[in-house]
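For this one, chain A is given, so just place chains B and C on it according to the hints.
Protein chains in written order, with my numbering: chain A, 1 to 538; chain B, 1001 to 1420; chain C, 2001 to 2175.
Here's a subset of chain B near chain C, in silico, CB distances under 8 Å, partners left out: (1) 1021; (2) 1022; (3) 1023; (4) 1024; (5) 1026; (6) 1032; (7) 1037; (8) 1039; (9) 1044; (10) 1067.
Every beta carbon over 10 Å from chain C, so not counted as near; a handful from chain A, in silico: (11) 123; (12) 161; (13) 408.
Rather than coming from a laboratory, the hints here were simulated on the basis of the structure.
For glycine and all other residues, C-beta sits at the position ideal for the given N, C-alpha and C.
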Amino acid sequence: MSTALENLNLEEAKSEVLRATLAGVCESTAVDGGPRYSERVCRELARIIVCRSYAKPLLELSHLLVAASAGGGRYEDVFWGISRASAGDFRRAFSALDGTNPNIRVARNGICHDDGAEGFQITYTRMPLLAALLEFMVMSVGYAAVDDMTGILRRADAGSDSVIEAARALQRSLYAYLREHLPPAQRQRRERHFLVFVDKHAGNRTGADAISDDTLLEYWRRYACTEEIEARTFRGVYDTARRLIAALDAAAERHAGRHAKSIGTDAEAGEVDPADLDAVISALDADEGPLSRLLDTCGEQVKIINLSEAETLGELPLGDGTARRIPVSVLRNAVFGAVQLRLSTALRRGDAPSVVFPSAADGFYRQKLKDYADIVAGTEKIALAALWGLHQAGRVEAVELALALAPDIAWEQLSVPMDDGDDGRVVSLQGARALSQFLATEPDPRGDEPAALLAEAKRAWRGVNRTGFRGDADAESIDAMAQAVPDVLRLIGAVRRTLDRDLGPLDWPLFETADAAVFTAMFATLYDLDEEADSHAG
Amino acid sequence: MSGMAVHILTTEGPVAIQRIIEEDNAVQSVICLDGLTQILPISPHYEAFVRRPAGVIERMTGHGAYRMDVSARIDEGRSWQLAAFLAHAARQQGGGQDVTVFATGEVDSDLAVRRVEHVEQKLQALTRHLALHGGAAERAVIMIPEGSGVVPEQIAGIPVCVVADIGAALALAELTPLAAAPAKHAREEKVDAPRRRNVPFALLIAAALIAAALFWVGGDFARWSALMQQGRLLELEQDIGRAETDGFGRLRAGAYLQWLELSASNAPAPSLQGALFTAADAAQCAETSAQVKRPLNPVYKDADSICRVEFRAIGDATAIHIGRLAYWPTGLGNADRPSRIMRGSQETSGRTWVLAFDEKPQPGAALRLVVISGAVDINGPQPWYQDLLSAPLSGPAFDAAKARLQRFGFTVTALDWRRE
Amino acid sequence: MPADDPVRELALAALDADAEARRLLEPGAASRIAFSVLYRFAVDPGFELGPADARKLAADPAAQADLDRLLRDNAFAYMPRQAAAASGSVERRETEAAILTLTPSKADPGQIYLGVELLDFEATPPRQLFARPDGGPWLRLVLPAFSGSRAQLLLTADIDIAAALADPKTEVCLR
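The shape of chain A in the complex, shown without the other chains (with noise of 0.2 Å):
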């Protein structure tokens, strides 16, 4: 590495030493191979150091390492000891450390500092990130110095202040570091060029709502042939486009949401609040929307979205305003968009191109809609069968995805009528004894609306022949599918608003007979291609 950084200079070494840094993290495996972190938590880190929103995450983490210290033990054993950063391994970890400090309480979903202040709470979702953090601050700051200002965490009466201590320690030592070797971001340069013609072409729209389909079509077709600016994909600009939005939107969100200044941010020098930057970044990453969290969530444990789905899926996007600001865009990128990659990947082979291009009379885009919503359709008969498998096993999961799936069943059935007095029954629901009543109800088609339900959960588990669902689901299968209840309903839930509110009222024979003179006469000028045969290729 010393080699090749004295090809550099100064400025350009010391930021390849963070990369390097960083890459380390990232790269590091697994007892089995794979990798330490996930990709989401890598990103994360990467945006904590970029947007330089470490306070909150450092503070946390000097809250996890007084309990890492629980009972003398080392909290090098807890990050490092651990086969690999996921919220499973932090769990069984700590649970093993319970009891061993009266201050710290080990919960299902986390643990609980009680610092004598008023408490802190930290889930074991959130502790791989913080185990990335960690390693980033000990190859970076190292780790004598993170192990001499953290000793303070290790005392036994280590409270709010001698947290507080050792995270404005680690604090400063990590604003030190990224001093010396983070360089200024650099203007993004497309993003700049698009916003501007946005503006013009606007009215009196503005943010997010300022970029319509026809501004962004238009933009495409003026400077997709030009070298003022790499716009050449309609699927480049399109992109371009919806982080735009996203980032707008959620701008305007923390704008409006008037949060608290970090301390030392100078807004009237036009510094960024670090953790405006950080909210607005992670309203971008696409891989905090629902399917990529089901995706991560399920992993080949059990397969309620296929690739095939997900791929498809993902033409969606659901994580943002995108959809209705520029609908038509959606699907224009979807159909056009993979168009002309294919014609792209066949050029750059030296292949003569033969793609088939979409024409009105195929009814694409009607087409790409029936697509998601029999993905959509199949996604929720397989949510029917992962209630089945939950009911099974006795899981508080089961009646989520019961209630959700069938909001409109009498569920009062199964509360406990209370007597009150003669003039009537009060029905009251009582939350414990109805979850019981629900998962001792047998299935029956020709029972109650619960029982119904289950016949036809039990007969979706049936038809469903994927990893997870077959047979007797085992125990890991079953918490992935509990895992994943809440990405599901929310991706359902995603898709069926985009598809309803969002793509649903318009009128698409008439873009599709549009859209199909437009983009094959564009594709036929980029790619020099021979417009009349072409349309009617294969």
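Coordinates of chains B and C only, in the frame set by chain A:
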């Protein structure tokens, strides 16, 4: 080869003790693999075996740290101790005689040899090893502790000897007993003395021992051969049993049995055939012309009466085939004794049994035919027939009876029939 | 939207930072050895430092310093390099916790016995021995199971760690 070669018996085959070297007393004794730096996991046990106060080697040699190299891994247990002690003793006595020792056994602090596990498997592994690699030395002995269960008397000509203590083991290995063993410093003094004077004396002793052995072996051989020729098998068995109560007797008996095995003919077992003669009812059995001959299958389920049965044992003409046919009306072994026992008649190359039933076989009746083939006709009492004619073919009693005869070079063939 | 609109500025700053974060995560030519690798090397006798990681460690003084601290902190016994006046080869190293001895084998002059004797009978025995010759990397030896308070290895005298243990300038850790 000069000096004693010692092998530890293991379930994976014999492991040679390659060398024993004194190490610095500060070092713990180790057992290493084949001269490499790999210290075997049993080394702490070896250390305890060597060093005082618990260890017995230092008591013998006066030195408390050794390195022993062995040819293959020994992973657990203490059954290597007997072989290790003998190897140390041989080393102490200048290498010992040209004897190959295979040993297994634990040695306690009183120098008693204690029982160990898996002796049978270790002997089987040795058998396979010797079959593959040969090397059955002229002077070799296999030593096992008491209580090792039923073991063969010899393996590839090497006698299997039970030893109760180190004294017996040293004697079998032709080493000087411990009490007479020169002390370390005394041995060192003798190192300077010329050794040539000891050599002819040792030769004389060996020659005398060999001559005595030959005398004793020769006398037994003659007597046993005579008994065998007369077919007095039970007497022969009893005489050999008496001889096996001491070590040399075991050697003699083993040698004789080995000779028997080598001189036994390798004729194949006889083939057994049978036929049933049936009639529509018992009355018609009186008319030979009314009888129908059928091949004999192991089970008869038909309704016809069985008038008679015939068996033939057809074997090699160089062997003599004898045997018995037993009829059990209510099932094999379901009475004190069979209701009929037929000796059959000798044929040119076999034997025939014909049994005409007075009491016709009913459902549940059984027949057992046993044929014993060998070099001579067996005379005198033959108690083995009791199990051979009544015990299930696949059971231990039948096997044990069969083994008694096989030991003397006879083969046993049997056949069952029953009516359902 | 005016160019100095705070929402616009925040959005563009976020996009710039996002692009920078992506650039930081791009796979590049070099990465440093992760601390988790150093930790595993220090505590797990079954873990071998691969050649790529060994090279990274050799080129990274900061990582070496981290490993030094990891090894020395919470070591069962730490034996620093011996006094400057010491010369010749070392046959014995001793702390309050353990004694190391080196004894040449009489059976094979090319082999040497390493004895480890624990002075605290109730302590959990160490599983590894680390030795660092002067100016060199940490060498590691996995210790066998202790029998009582003693363990013994037989080493080839010419291997790195045997030579290092005999060198008074070598520091030794038992973990």
